[in-house]
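Residue numbers (full-length UniProt numbering), protein chains in the order written: chain V, 1 to 60; chain X, 1 to 360.
Since the hints were derived computationally from the structure, they do not count as laboratory data. Note that beta-carbon positions come from the ideal geometry of N, C-alpha and C, so glycine has one too. Treat the hints with care, as some may be off.
Pair by pair, the computed Cβ-Cβ distance ranges are [claimed, not checked]:
| no. | chain 1 | residue 1 | chain 2 | residue 2 | range |
| --- | --- | --- | --- | --- | --- |
| 1 | V | Ser-16 | X | Gln-114 | 42 to 48 Å |
| 2 | X | Asp-317 | V | Arg-10 | 37 to 43 Å |
| 3 | X | Gly-231 | V | Lys-57 | 54 to 60 Å |
Straight-line alpha carbon distances no greater than 25 Å define the calculated DSS-like cross-link-like pairs of lysine-lysine that follow [unchecked claim]:
| no. | chain 1 | residue 1 | chain 2 | residue 2 |
| --- | --- | --- | --- | --- |
| 4 | X | Lys-255 | X | Lys-85 |
| 5 | X | Lys-137 | X | Lys-85 |
| 6 | V | Lys-57 | V | Lys-17 |
| 7 | V | Lys-17 | X | Lys-85 |
| 8 | V | Lys-43 | V | Lys-17 |
| 9 | V | Lys-49 | X | Lys-314 |
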Amino acid sequence: MTQKTRPIQRFAQAVSKCTAEATVYGQCVVADYNSVHKNQCAKEFMALKNCYLAAAKGGK
Amino acid sequence: MRLTPLSSAALRRPLSSLITPKTQHQRRAYAFQTSGIPTSFQVFNNRTKWLQRERAASNVEASRQADYLKDEVAMRVAERLLDVKRTFPLTLDFGAYTNSLARALTNPNPDPSQPDADIPPLATKIGKLVAADSSEKALYRDAELQFNKEINMERVVLPYEEGSLPWEDNTFDMVLSSLSMHWINDLPGALGQINRILKPDAPFIGAMLGGDTLFELRTSLQLAEQERRGGISVHVSPLADVKDIGGLLGKAGFKMLTVDVEDIVVEYPDTFALMEDLQAMGEGNAVLGREMGAIGRDVLLATEGIYRELHGSKDEDGTVRLPATFRVIHMIGWKEGGDQPQPLKRGSGEINLRDVLGTK
């Protein structure tokens, strides 16, 4: 393999630009971690994902 | 306690009828798994684990960078040899992987508590070290390095399928094992095998991951999958608990057991660094029935957020560091034999513990 950065590293790099969104999402899940259900924090997650997608695009 | 009197009917009956006739009496044994017979539980996929280790060790540079945990634990296992006033003509390193133990044994300064003491490297106590592992790539990764010249070592590649160890009974003067036994399906059987190949009155000194190892990653992944996908799957291995190890060693026939626990906490900048390092160590998920393929990006993204929030610690300058706990169970057991100290008979004590401890 001759690729310089592995996909996981590119992924990690993009995510590292979204710490604020990640914190908001984390807080939402952890706030009531004994009864987490699907899409409980969908809104917060979409904000995180949008940030990551934007960062991944900019990074290329 | 209240005593219940026998019923009057029982009193009237002749005494002989109360005693069960001998012919009906059968000795009943407790139900337990005999060591050496494979358990019906298969938790790990041996072939997957072998492939992961071969692949990890093939990438020499990344693999060496991720040696820190195994090197640290190997050092601590080797340190325990300082307490044994013996020499070991023939020693086995069971699950040697990249020979962290051999490196630790050749350390020129074996006792960190006495940096100025002139103690020779522990390798001088060992006549010959047999390094055995299923991963050939890992075993030979560092075959060209300097430490190979400082210790008499033979490398043996074992099949990745668990089974009988290819040595005669009573072969080794000591068996060492550092951070590899947590991938064994049949741990009682493996310990029994180790006991078999040891000479009488010879020690087994081992360390394995157990208990709450990587609980931070386990909980974060579970929460992330629960929230993103509405269900969870296995990503972190089930591990042996500290309290089970004593029983397992005893059942395998070891005497004079010592079991202790040590938590090693490593800090990472993010969850990806942790997972990359685990992969480079060859410690990826190899649980049978795990979900095939990589963890989805959404779950990874969610895990990062949850791990930071649940377990992360903030520095003064605001950077978050993610701790990962590795719980290492250290164990020492001796094969029965020789003039080993034996426990005294029950009730033969002459000094009251209360007097010794000074309690009332």
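Results of checking the hints against the structure:
{"no.": "1", "hint": "Ser-16/V / Gln-114/X: 42 to 48 Å", "verdict": "holds (43 Å)"}
{"no.": "2", "hint": "Asp-317/X / Arg-10/V: 37 to 43 Å", "verdict": "violated (26 Å)"}
{"no.": "3", "hint": "Gly-231/X / Lys-57/V: 54 to 60 Å", "verdict": "violated (31 Å)"}
{"no.": "4", "hint": "Lys-255/X / Lys-85/X", "verdict": "holds (18 Å)"}
{"no.": "5", "hint": "Lys-137/X / Lys-85/X", "verdict": "violated (34 Å)"}
{"no.": "6", "hint": "Lys-57/V / Lys-17/V", "verdict": "holds (12 Å)"}
{"no.": "7", "hint": "Lys-17/V / Lys-85/X", "verdict": "violated (56 Å)"}
{"no.": "8", "hint": "Lys-43/V / Lys-17/V", "verdict": "holds (19 Å)"}
{"no.": "9", "hint": "Lys-49/V / Lys-314/X", "verdict": "holds (23 Å)"}
When each numbered hint is compared with the structure, violations occur for hints 2, 3, 5, 7.
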